[in-house]
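Enquirer: The chain contents come next:
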Amino acid sequence: MKAESNLKNVLTQHNFAVTAECGPPKGADPVVIQKKGDILKGYVDSVNVTDNQTGVVRLSSMAACAILRQEGLDPVLQMVTRDRNRIALQSDVLGASSLGIRNILCLSGDHQSFGNQPQAKGVFDIDSIQFIQAVRRMRDEGLIIGGEKLSEPPRLFIGAVANPFADPFDYRVVRLGKKAAAGAEFIQTQCIYNLKRFAEWIRQVRDRGLDRKVYILGGVTPLKSARMAEYMSRQVAGMDVPDNIISRMKGVDPKDQRREGIAIAVETIMALKYMEGVHGVHIMAIEWEDVVPQIVEEAGLYPRPETSRE
Amino acid sequence: MITAERKPLAEIKAMLAPYRKILVVGCGTCVAECASGGEKEVGLLASALRMDAQIEGRTIEAHEMTIDRQCVYEFIDKLTEAVGRYDVILSLGCGAGVQAVAEVFPKTPVVPALNTTFIGETKESGLWVENCRACGDCKLGYFAGVCPVTRCAKGLFNGPCGGSKNGACEVDPDSPCAWQLIVERLDSAGRSDLLEAIYPPADWSKQQGKGPRKIVREDQRSES
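Here the protein sequences line up with chains L and W, keeping their order. Reminder that position 271 of the first sequence reads as 469 in my numbering, one-by-one numbering, no gaps. Reminder that position 200 of the second sequence reads as 371 in my numbering, one-by-one numbering, no gaps.
FYI, nobody ran anything at the bench for these hints, they're computed from the structure. Here the structure is a predicted model, which means the values were calculated and not measured. Quick reminder that beta carbons are idealized off the backbone N, C-alpha and C, glycines included. Hints are supplied without guarantee of correctness; some may be wrong.
Claimed, not checked - Some chain L residues judged to face chain W by a derived CB distance under 7 Å, without partners named: (1) 306; (2) 309; (3) 315; (4) 322; (5) 324; (6) 325; (7) 366; (8) 373; (9) 392; (10) 393; (11) 428; (12) 431; (13) 435.
As the list claims (entries may be wrong) - Straight-line C-alpha distance at most 20 Å; calculated SDA-like pairs for lysine to any residue: (14) 336/W <-> 431/L; (15) 336/W <-> 368/L; (16) 310/W <-> 323/L.
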């Protein structure tokens, strides 16, 4: 049983961290989560579980995290402010800690209009930065919003996200600074395909000294096909897939495109490994979790470090 | 102003089905400005109802009246004499107008002809945009006159989400990203310091804390 966050241990012991994303099923079957956990076990330091990503109803992130923890993994609970008000969010933070979940990623969440419940009421009682601040105060001061005292504070390693590819570009690093000031300890970024722009962003991050305040994990998503690259470039807001990546994918035979997508992912990770201010990678293989071990091995990141465990 | 849009004729007809004598009442303020419930729209809707009834071989009587404001009793009073002669009031007021009229004439059914939509401004002719949610705690002074509660699809207080691209909102690419506007305007006003501040959670009790809100002003109550 791990008393502390494995991810936190890996990072504080100066290792290059590897996390992966696990999407829960659109159903109540726990075996799907267990299988994904089995595939990832030993190849990553922690596993993020998405919270009804893109506004689509799925098995809850909290439940999936509890299952992964039973399987011996270190889960990262993603929580969005779209679906819960501050009462429910704070309650779930306490619940997560009580279940032994030791990492949380605070997000605002994709707008409900994109999902399969477009008539739902978007809550957005608080935003992601206010949420980070609330969790940090709960943990460090034992106080909830409004100042009431907790009988026992939650024990959580607190994360947030950053998108270096959205606009306004120069404000992106200001917003990261706000997340750090609010209490975020690690950051997972949007998928990186445009390394040049990412390098420019990380330079701004270093200029502000933010890489010494938060651990930054670069996001990597292996492309399955040229069509996926084009779709992400055109249809997904906040995603920057440059033409050279698209033409590289198009340049290979469709049956070899997965192999090319893996190669791009591995090259991206290698570049990130040597980029000052980057402390790890977050691999988001969308409904393709079984490719993660191969990517981790090819990037020379296997085996994962053993951290001190209780 | 409060904006509204007319309901589809079929929905209005369904609500009016049990009645023959209809008092069609417009409002000369907000909904007249947004061309949904003023004198002109009252005339158009009453004609449409008459024509429709004629085609279907029914007889109805639709009398048109437009008062200055359906949300203020002294104006609603102008209907008092006429109301008794009709089976139903079809109100082209906003939700506040419909309810105020219903309160004054409890014996006569009142049905709405409009869907009340938002508090907004006339951007150009034929275009109205929402820009206030009446949260009861205006912070426009910190956000360069752009309301993040209303104009950011997620109501974010602390900067743009990851879906802001080329000045547009990912949720509706025809709408500007409110935070792009806030960042640009605060920068150009030399107030980028405000962009670094963390805004605490909003006090939504000022918007919905104890059910319907009231404003009580003793200084305004004395004379009546």
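Enquirer: Give a verdict on every hint.
Expert: Okay, the hints, checked on the actual structure:
1. 306: 5 Å, holds
2. 309: Hint on residue 309/L: holds, closest Cβ of chain W at ~5 Å, below 7 Å.
3. 315: The hint is violated - residue 315/L has no Cβ within 7 Å of chain W, the shortest such distance being about 15 Å.
4. 322: Given a least distance of 5 Å, the restraint on residue 322/L holds.
5. 324: Hint on residue 324/L: holds, closest Cβ of chain W at ~5 Å, below 7 Å.
6. 325: It holds, given that the least Cβ distance between residue 325/L and chain W is near 5 Å, below 7 Å.
7. 366: With a closest approach of 5 Å, the residue 366/L hint holds.
8. 373: Check passed: Cβ of residue 373/L comes within 4 Å of chain W, closer than 7 Å.
9. 392: 13 Å, violated
10. 393: 18 Å, violated
11. 428: Residue 428/L check fails; min Cβ-Cβ to chain W is 17 Å, beyond 7 Å.
12. 431: Cβ of residue 431/L sits 12 Å from chain W, so the hint is violated.
13. 435: Result: holds, 3 Å to nearest chain W Cβ.
14. 336/W <-> 431/L: 12 Å, holds
15. 336/W <-> 368/L: This hinted pair holds, its Cα atoms lying about 13 Å apart.
16. 310/W <-> 323/L: Measuring from Cα to Cα gives roughly 16 Å; hence the hint holds.
Hint violations for this structure: numbers 3, 9, 10, 11, 12, all remaining hints satisfied.
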